[in-house]
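*Asks:* Okay, here's what each chain looks like letter by letter:
There are 2 protein chains.
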Amino acid sequence: MGRPPAPLLSADRIAGAAMDLVNTTGGFTVPELARVLKVRPSSLYNHVAGRRQIIELLRERAMSEVTLPADDPDRPWADVVADIMRTYRQSYARYPRLIPLLTAHAVNSDHALTMYNVLAATFSRAGFDPADVLRAITLVDSYVLGSALDVAAPDEPWHTGAEVGPALAAALGTGSPKPARADDAFEFGIGVLLRGLAAVRSASDRD
Amino acid sequence: MGRPPAPLLSADRIAGAAMDLVNTTGGFTVPELARVLKVRPSSLYNHVAGRRQIIELLRERAMSEVTLPADDPDRPWADVVADIMRTYRQSYARYPRLIPLLTAHAVNSDHALTMYNVLAATFSRAGFDPADVLRAITLVDSYVLGSALDVAAPDEPWHTGAEVGPALAAALGTGSPKPARADDAFEFGIGVLLRGLAAVRSASDRD
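In order, the protein sequence lines correspond to chains A and B.
Position one of the first sequence corresponds to residue 1 (my numbering), numbered consecutively onward.
Position one of the second sequence corresponds to residue 1001 (my numbering), numbered consecutively onward.
Since the hints were made in silico from the structure, they are not lab data.
Please note that the accuracy of each hint is not assured.
Claimed, not checked - Ranges between beta-carbon positions, derived for each pair: (1) B/D1074 <-> A/R75: 23 to 33 Å; (2) B/E1060 <-> A/V39: 33 to 43 Å; (3) A/L8 <-> B/A1104: 26 to 36 Å; (4) B/S1202 <-> A/A11: 28 to 38 Å; (5) A/R75 <-> B/S1064: 39 to 49 Å; (6) B/S1176 <-> A/S202: 42 to 52 Å; (7) B/T1024 <-> A/G173: 22 to 32 Å; (8) A/P7 <-> B/T1114: 50 to 60 Å.
What the hints assert, rightly or not - Incomplete in silico selection of chain B near chain A, CB under 10 Å: (9) S1043; (10) E1065; (11) V1066; (12) R1097; (13) L1101; (14) A1104; (15) N1108; (16) A1121; (17) A1131; (18) L1139; (19) A1152; (20) E1156; (21) G1173; (22) G1191; (23) V1200.
C-beta atoms are modelled at their ideal positions from N, C-alpha and C, and glycine is treated no differently.
Taking the hints into account, I'd like the entire structure generated from these sequences.
*Replies:* Structure (structure tokens):
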């Protein structure tokens, strides 16, 4: 009988091992990956071009639950953007420790580019000029990624102690347990962002 | 002569070694720290209570360049919040890989609590009720931390290739090199957030 054969090495299996390392240690190196997979580093290069490509495979996994809204030019732009923000945050919230690795590398995966294309087309259709489209996408990106980290925050994000002043104490007293608190704050933020974006757009006389 | 004596172990030296590990690998464990410092793990516990406390020491370092505006009740609340956002982002942008570690643990350091107290008092003075104060602080936190990650992003955050549609291509064509692009987008976002917050506050009839 003997022991079962080791599973075949593949890009998918390499990405899975890299994701496990990121989730537990915050990062990965190619030698660490080889050790975990019990292969030589050179074997990995038969399946992936290098660390850069592995990071893009991890980005695809983080994006894997992003479902983009149907392309409907009659739908209000703010609704389309809000939907993308929700699905994007939910998908990335599964891998908080991956986020700084992804933001440190240029996006080069199809699924991610598709999402940015939809955001750009939607903001453009809404009347933002190209420079503001780039700024608005960056705003959405930064807020969503920060909010994805908040999903992984502890139930009580601040220790209440002697140093907490009355205004902060009153605010903390209103928070429900997670995930309700994080979800509620995220929806508040979506509303604020969309109202602010609409105001900025009108102010620039582009309608 | 002999070799110079090893520097004395201290909480500060432990935090420095932990920060180096986080910056290079994305995380740290107590055994790793002991190995780097060439001491036994038990020696570390003479200076710090454990991993939790080391993380708070790292939070103090990330906060160390946050300079809070002087307490002036006559200054517009939006100006105070914008100043805090700028200094908070700049301070955290130095340590992008630390951010998911900090958000995963409850805040328990004095400097951070002081900042949250000022934010809470400012939003409260502006007329937000306690529940909205908590939501507004969470919004500021998420946007600032996501923007701090954007500071570490590459010059070209998106690879431009065949998959880039016309709206995204036009937007990407407007971006200046880093850090100007990230700074410009961050200021745009501050403007959007503050206008949106003002609109939400007025709409709730609390003035």
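*Asks:* The structure should be examined with respect to each hint, and the outcome stated for every one.
*Replies:* Outcome of the hint check:
1. B/D1074 <-> A/R75: 23 to 33 Å: 44 Å, violated
2. B/E1060 <-> A/V39: 33 to 43 Å: 42 Å, holds
3. A/L8 <-> B/A1104: 26 to 36 Å: 35 Å Cβ-Cβ, so the 26 to 36 Å window holds.
4. B/S1202 <-> A/A11: 28 to 38 Å: 53 Å, violated
5. A/R75 <-> B/S1064: 39 to 49 Å: 46 Å, holds
6. B/S1176 <-> A/S202: 42 to 52 Å: 26 Å, violated
7. B/T1024 <-> A/G173: 22 to 32 Å: The hinted range 22 to 32 Å is violated for B/T1024 and A/G173, with Cβ atoms some 40 Å apart.
8. A/P7 <-> B/T1114: 50 to 60 Å: At roughly 52 Å between Cβ atoms, B/T1114 and A/P7 fall inside 50 to 60 Å, so the hint holds.
9. S1043: Because about 23 Å separates B/S1043 from the closest Cβ in chain A, which is outside the 10 Å limit, the hint is violated.
10. E1065: 19 Å, violated
11. V1066: 15 Å, violated
12. R1097: Since chain A brings a Cβ to about 5 Å from B/R1097, closer than 10 Å, the hint holds.
13. L1101: 7 Å, holds
14. A1104: 5 Å, holds
15. N1108: Holds. Min distance 4 Å.
16. A1121: Nearest chain A Cβ about 4 Å off; hint holds.
17. A1131: Holds. Min distance 4 Å.
18. L1139: Given a least distance of 4 Å, the restraint on B/L1139 holds.
19. A1152: 5 Å, holds
20. E1156: 6 Å, holds
21. G1173: 7 Å, holds
22. G1191: 6 Å, holds
23. V1200: Constraint on B/V1200 satisfied, holds at 6 Å.
Hint compliance for this structure: hints 1, 4, 6, 7, 9, 10 and 11 are not met, and every other hint is.
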